[in-house]
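S.K.: Here is what each chain is made of, one letter per residue.
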Amino acid sequence: MTQKATESLVVDNLNVSIEGQPILKNINVFFPVNKITCIVGPSGCGKSTLLRCLNRLTENIDGFTIKGSVLIDGQDIVTADDEHLIELRRHVGLVPQRPCPLPMSIYDNVAYGCRIHGMHTRKHEMDETVERYLTEVGLWDEVKDRLRRPATRLSIGQQQRLCLARSLAVEPDFILADEATSALDPISSKTIEELFVRLKEKYTIIMVTHTLPQALRIADYAVFLYLGEIVEEGDASQVFRSPKNELTKRYLSGLFS
Amino acid sequence: MTHIRKRQLEEKVMRVVMLIATLIVLGAVVSILGTILIRGCKALSWEMVSRFPGKEWNTAPDGGFLNAILGSLYVVIPAAVIGACISIPVVFYITMYKRRRTGVSYIIRLAFDVLYGIPPIVYGAFAFLVMVGVGMRASVLGGIMVTVLLIVPMMIRSGDEIAKTVPDEMVDAVYSLGATKWETVWVVLKHILPGMLTAFLLAVGRAIGDAAAVMFTAGFSDQPAHSLSDPTATLPLAVFNWIIMPDPFPGRAYAAALVLTILVLTLSIASRVITRRITRLNK
Ligand SMILES: Nc1ncnc2c1ncn2[C@@H]1O[C@H](COP(=O)(O)OP(=O)(O)OP(=O)(O)O)[C@@H](O)[C@H]1O
Ligand SMILES: [Mg+2]
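So the sequence lines, in the order shown, correspond to chains A and B.
Sequence positions in the first sequence follow the numbering used here and run 1173 to 1429.
Sequence positions in the second sequence follow the numbering used here and run 9 to 291.
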């Protein structure tokens, strides 16, 4: 059941500063639909900040100012009022760097988002939904006998997949992943990678990674960020294999050698 | 070699200093508890905690100080409930809506810090002035009012500290699902509940043992209080009043102190037990 994500995600002239310090300068990106976009760049260049802007998870940052717009299917999330913000955020799922299960059972972790949005109000519908998304992330067989147990008891890799299932359950169109595999062992990160490749049929995936081999394996589109500016962007193979920009070249060779 | 010697000597000296400091604290605790236990147990009897003062109370052993025990409970229990009802929403507000360090949240926090720093006697004096202003007598109600004033800043302050332990990742995770701030409160509630409960019980423990606050506001009486406008005896004030009086009062003071100590200890032990229970359930 392939269902194309129809919505578009466009960053238009985004400028961000934190406590007066410019962090992102003049960012313009059009994230290709149903593709995996990798954002790469040296530490501190603003990758996480950019990702956070995409669903406006910036409210907890002290002294944060933002200019420009992030258009989700034409609607600007930067200036959205509270009501629209909630709806827009539902369209953008987040897989954090460190998995953070909510303090509730495995079942409720997946069901929570649906409940607050009033989706699948019948019990059997909710049961099906939970099973569907846990299966989708390859967790169902591991946890089906302990759905009512606290999610914090899962291993880190399992928690990461649970967080993904939780995001998917509210039916987003975009998935943001910030170094989602950096806390995982090679096998678990492989699982997540394969999952992303499978998921891009239905979702548009935007991920940050420090592992260039990983980016090479799964990225379709690449954005190279340096000191808060986009230095180069384009098809992943072109950016990674024959970068045009001097900085990109140096960054890539530094990490490959 | 000599450098290593010096470092090892430093280590030894510091360890002795720490040990001495710990012993001083332990010594103080043991001697206080010892005094209260030994003298209190000598004077305490079932009659003292189960009966009101009799006719001969002021000159001989006749009756007990149930009026003070009940008085303390009459004042503290409603104050605890009201205090919790006021401070918990405040904690939620500054946690969820004022999480960022902005000017407004800074001023709010500063205000609560100031409130926290005000000594109970000043609260007592303030409440007394208000009561005089509106023509109210020292009464259970007055005691409740000032005890609320005492509990609220303590709870807000510890609540704020506890709320800071909620990981940003968790808040972000809930927001990213499209939850409102209010819905997010319910998710993080489970995380902060044990801490809030501890803070609550400790605040109540502090409040129940405070004589200065209730001195002007609740008054003192040998009769049990029958309504909110009756003055009432309270345990800390009973200790305060009786300790320097001639026999048979000092014995009663120790007995009352023992009862008070047991009440407060029960509260803090309960808070520990409950915290452990809840954290185990959550893990
Ligand atoms: N809460 C904050 N307060 C102040 N400065 C911040 C905050 N968050 C990020 N910054 C600053 O913004 C810049 C970009 O940070 P960001 O986390 O986006 O980098 P990054 O590219 O994700 O780095 P990394 O690869 O190490 O995760 C950094 O210079 C950082 O110091
Ligand atoms: Mg980062």
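Treat the hints with care, since some could be wrong.
Said to hold, decoys possible - In silico DSS-like pairs for lysine-lysine, Cα to Cα no more than 27 Å straight-line:
1) A/Lys1295 to B/Lys189
2) A/Lys1416 to A/Lys1197
3) A/Lys1372 to A/Lys1207
4) A/Lys1295 to B/Lys198
5) A/Lys1239 to B/Lys189
6) A/Lys1362 to A/Lys1372
7) A/Lys1197 to A/Lys1421
8) A/Lys1316 to B/Lys189
9) A/Lys1362 to A/Lys1374
To be verified - Which stretches of chain A does chain B cover? Using the computed rule of at least three CB atoms under 8 Å from a CB of chain B, they are:
10) 1194-1207
11) 1271-1284
12) 1338-1346
13) 1350-1358
Hints in this document: simulated from the structure, not taken from any laboratory.
Only a predicted model underlies this, so the values are computations on that prediction, with no experimental measurement involved.
Backbone N, C-alpha and C fix where the C-beta goes; we use that ideal spot for every residue, glycine too.
S.K.: Sort out which numbered hints this structure fails and list those numbers smallest first.
M.R.: Structure breaks hints 8, 10 and 13.
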